[in-house]
Amino acid sequence: MNTGTRIPAEAEIEGLLKKLNKPSVKTIQSEDGDVVDCVDIYKQPAFDHPLLKNHTIMVRFLSCLMRPSFLPKVKKDNFSLEATGQQIWQRRGSCPSGTIPIQRIRKRDLLKAGSFGHGGLSTYEPQNCTVQTAGATESELQPYYGVKAYISVWDLLVVSGEWSLNSVAAVNHGSLVEAGWGNLSTFPLMRKAHLGLQFNAFQDDIQQSWWFLLSDEIVGYWPMSIVPNLPSAKQVEWLGKVCDTETRGYHTTTQMGNGHFPSEGHLKSSFFRDMFMKTKHADFDYPLHLEYTKIRHCYDVEQDEYAVHLYYGGPGGPCCDGRCS
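Per the numbering used here, the sequence shown runs over residues 1191 to 1515.
For the record, the hints were derived by calculation from the structure and aren't laboratory data.
Honestly, I wouldn't trust all of these hints.
Said to hold, decoys possible - In silico lysine to any residue, SDA-like type, Cα no more than 20 angstroms apart, as pairs:
#: 1; residue 1: Lys1233; residue 2: Thr1327
#: 2; residue 1: Lys1297; residue 2: Ser1220
#: 3; residue 1: Lys1212; residue 2: Cys1228
#: 4; residue 1: Lys1212; residue 2: Leu1242
#: 5; residue 1: Lys1209; residue 2: Ile1295
#: 6; residue 1: Lys1208; residue 2: Thr1246
#: 7; residue 1: Lys1216; residue 2: Pro1291
#: 8; residue 1: Lys1216; residue 2: Ile1290
#: 9; residue 1: Lys1233; residue 2: Ala1201
#: 10; residue 1: Lys1233; residue 2: Pro1286
#: 11; residue 1: Lys1243; residue 2: Lys1470
#: 12; residue 1: Lys1470; residue 2: Arg1282
#: 13; residue 1: Lys1209; residue 2: Asp1227
#: 14; residue 1: Lys1212; residue 2: Pro1235
#: 15; residue 1: Lys1484; residue 2: Pro1235
#: 16; residue 1: Lys1208; residue 2: Asp1222
#: 17; residue 1: Lys1233; residue 2: Thr1320
#: 18; residue 1: Lys1297; residue 2: Ser1350
#: 19; residue 1: Lys1458; residue 2: Val1343
#: 20; residue 1: Lys1233; residue 2: Asp1222
#: 21; residue 1: Lys1216; residue 2: Gln1280
#: 22; residue 1: Lys1470; residue 2: Thr1246
#: 23; residue 1: Lys1233; residue 2: Ser1214
#: 24; residue 1: Lys1243; residue 2: Pro1418
#: 25; residue 1: Lys1212; residue 2: Val1225
#: 26; residue 1: Lys1470; residue 2: Ile1290
#: 27; residue 1: Lys1208; residue 2: Ile1218
#: 28; residue 1: Lys1424; residue 2: Gln1332
#: 29; residue 1: Lys1233; residue 2: Gly1410
#: 30; residue 1: Lys1212; residue 2: Pro1286
#: 31; residue 1: Lys1233; residue 2: Thr1246
#: 32; residue 1: Lys1470; residue 2: Asn1362
Unchecked claim - FRET-style restraints, in silico, Cβ to Cβ:
#: 33; residue 1: Thr1483; residue 2: Met1414; range: 28 to 34 angstroms
#: 34; residue 1: Leu1331; residue 2: Phe1237; range: 33 to 39 angstroms
#: 35; residue 1: Glu1202; residue 2: Thr1483; range: 38 to 44 angstroms
#: 36; residue 1: Thr1217; residue 2: Thr1320; range: 45 to 51 angstroms
#: 37; residue 1: Lys1208; residue 2: Thr1435; range: 28 to 34 angstroms
#: 38; residue 1: Glu1200; residue 2: Pro1286; range: 15 to 21 angstroms
#: 39; residue 1: Arg1298; residue 2: Lys1233; range: 20 to 26 angstroms
#: 40; residue 1: Thr1435; residue 2: Arg1486; range: 16 to 22 angstroms
Where a beta carbon is used, it is the ideal one built from N, C-alpha and C, also for glycine.
Sequences and hints are given; from them, build the entire structure.
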C-alpha cells in the first residue's frame, strides 16, 4: 500500500548530509548532544547562492571584523529590557576568528524533516501553504530603515511539513528582510522561555546593506544584490506566522508563539517586547501607529498598556475553523 511517504535511500541521505554540512575548521561537542562546526566564513551555505559567488564580505577599514559603518542608538526608558542569551554549546568553547558556528545536521534530522523533494531540509516557503499571522505592523511613517524587538523563545508543536515563525521584518513590495526564530518541525527547542532574545534588522546608510544583530551581537548582513527591491521599507512588522497546509481540509494544530493565548496571562504567553522602528537618519524609536492582526479564536494578539510590548499566539486546531463545541 502506498501511504504517500517516500523513504529516502541511504545514499541519498549521505549525499544530502555532505551537501548541507560544510567542512569545518574546528568542531565543538555540546553538553546537550548537539555538534557545532566552525566553518570558514567564505565556505558558509550563504555562498551557495548564485548572486554571492564572487561576493567579498564587508569589513571596516583597518579591521578584519565584519561590521556596519555605524550602529543606531535606541531610546531607553524604565520599560526597556536587558537580556542576553548564551547557547549551551558555548560552554565548551568558541569558534576561531574567520569562522562561523553552524549546527551539524545529522541523519535523524533529515528523517524527521521528511522533506527530500527539493534536495534538502524543510524550508520556510510561504507558497506551499496558507500563512496565518498575529501581531502588529506599522506603515504610516514610511519609509523605514530598521525594526527590532525582544522575542520570547519556546518549544512548540509543529505539524510535519509545516513551520511556525516569530520575527521582525522590514517589507517593500513583496521583498523583505526578516530576523527571528522558528521551528521547521525539524529541530527541538527549549521548553522554558528565555527572558527574550533581541532581534534587530537595520539598513546601513553608507553601505546600503541590511544588517542583522542578535542581542547586540553582529550576525551578518543582506547585500543589496540579494534584496535589490529593498532600498527602504514601506512597512515594518512584529508577527507570529504559521504555515497551514490544511491537511484533510481542516485547520492545522501547529502552534504559534508557545501555543497559549494572551488571555491566559502575560507570564504564560509569548511576547514581543521593546518594539522599535527606525526612520531615515534617526535612531530607533517606539512605533506610533501600530495596526494589529489576528485570527479570531485561533491565533490572538493583546497590546500592552504602554504600547511597546505585545503578547500573541495560540494553539491552532478545531476552533480556527469553527469546529469547537
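Hints, one by one, checked against the model:
no. : hint                                  : in the structure
1   : Lys1233 / Thr1327                     : violated, 36 angstroms
2   : Lys1297 / Ser1220                     : holds, 18 angstroms
3   : Lys1212 / Cys1228                     : holds, 9 angstroms
4   : Lys1212 / Leu1242                     : holds, 17 angstroms
5   : Lys1209 / Ile1295                     : holds, 10 angstroms
6   : Lys1208 / Thr1246                     : violated, 25 angstroms
7   : Lys1216 / Pro1291                     : holds, 9 angstroms
8   : Lys1216 / Ile1290                     : holds, 10 angstroms
9   : Lys1233 / Ala1201                     : violated, 24 angstroms
10  : Lys1233 / Pro1286                     : holds, 14 angstroms
11  : Lys1243 / Lys1470                     : violated, 31 angstroms
12  : Lys1470 / Arg1282                     : violated, 42 angstroms
13  : Lys1209 / Asp1227                     : holds, 14 angstroms
14  : Lys1212 / Pro1235                     : holds, 7 angstroms
15  : Lys1484 / Pro1235                     : violated, 35 angstroms
16  : Lys1208 / Asp1222                     : violated, 23 angstroms
17  : Lys1233 / Thr1320                     : violated, 34 angstroms
18  : Lys1297 / Ser1350                     : holds, 17 angstroms
19  : Lys1458 / Val1343                     : holds, 12 angstroms
20  : Lys1233 / Asp1222                     : violated, 26 angstroms
21  : Lys1216 / Gln1280                     : holds, 13 angstroms
22  : Lys1470 / Thr1246                     : violated, 27 angstroms
23  : Lys1233 / Ser1214                     : holds, 9 angstroms
24  : Lys1243 / Pro1418                     : holds, 17 angstroms
25  : Lys1212 / Val1225                     : holds, 13 angstroms
26  : Lys1470 / Ile1290                     : violated, 31 angstroms
27  : Lys1208 / Ile1218                     : holds, 18 angstroms
28  : Lys1424 / Gln1332                     : holds, 5 angstroms
29  : Lys1233 / Gly1410                     : holds, 14 angstroms
30  : Lys1212 / Pro1286                     : holds, 16 angstroms
31  : Lys1233 / Thr1246                     : holds, 12 angstroms
32  : Lys1470 / Asn1362                     : holds, 15 angstroms
33  : Thr1483 / Met1414: 28 to 34 angstroms : holds, 29 angstroms
34  : Leu1331 / Phe1237: 33 to 39 angstroms : holds, 36 angstroms
35  : Glu1202 / Thr1483: 38 to 44 angstroms : holds, 41 angstroms
36  : Thr1217 / Thr1320: 45 to 51 angstroms : violated, 40 angstroms
37  : Lys1208 / Thr1435: 28 to 34 angstroms : holds, 29 angstroms
38  : Glu1200 / Pro1286: 15 to 21 angstroms : violated, 34 angstroms
39  : Arg1298 / Lys1233: 20 to 26 angstroms : holds, 24 angstroms
40  : Thr1435 / Arg1486: 16 to 22 angstroms : holds, 21 angstroms
The structure does not agree with the numbered hints 1, 6, 9, 11, 12, 15, 16, 17, 20, 22, 26, 36 and 38 stated previously, though it agrees with the rest.
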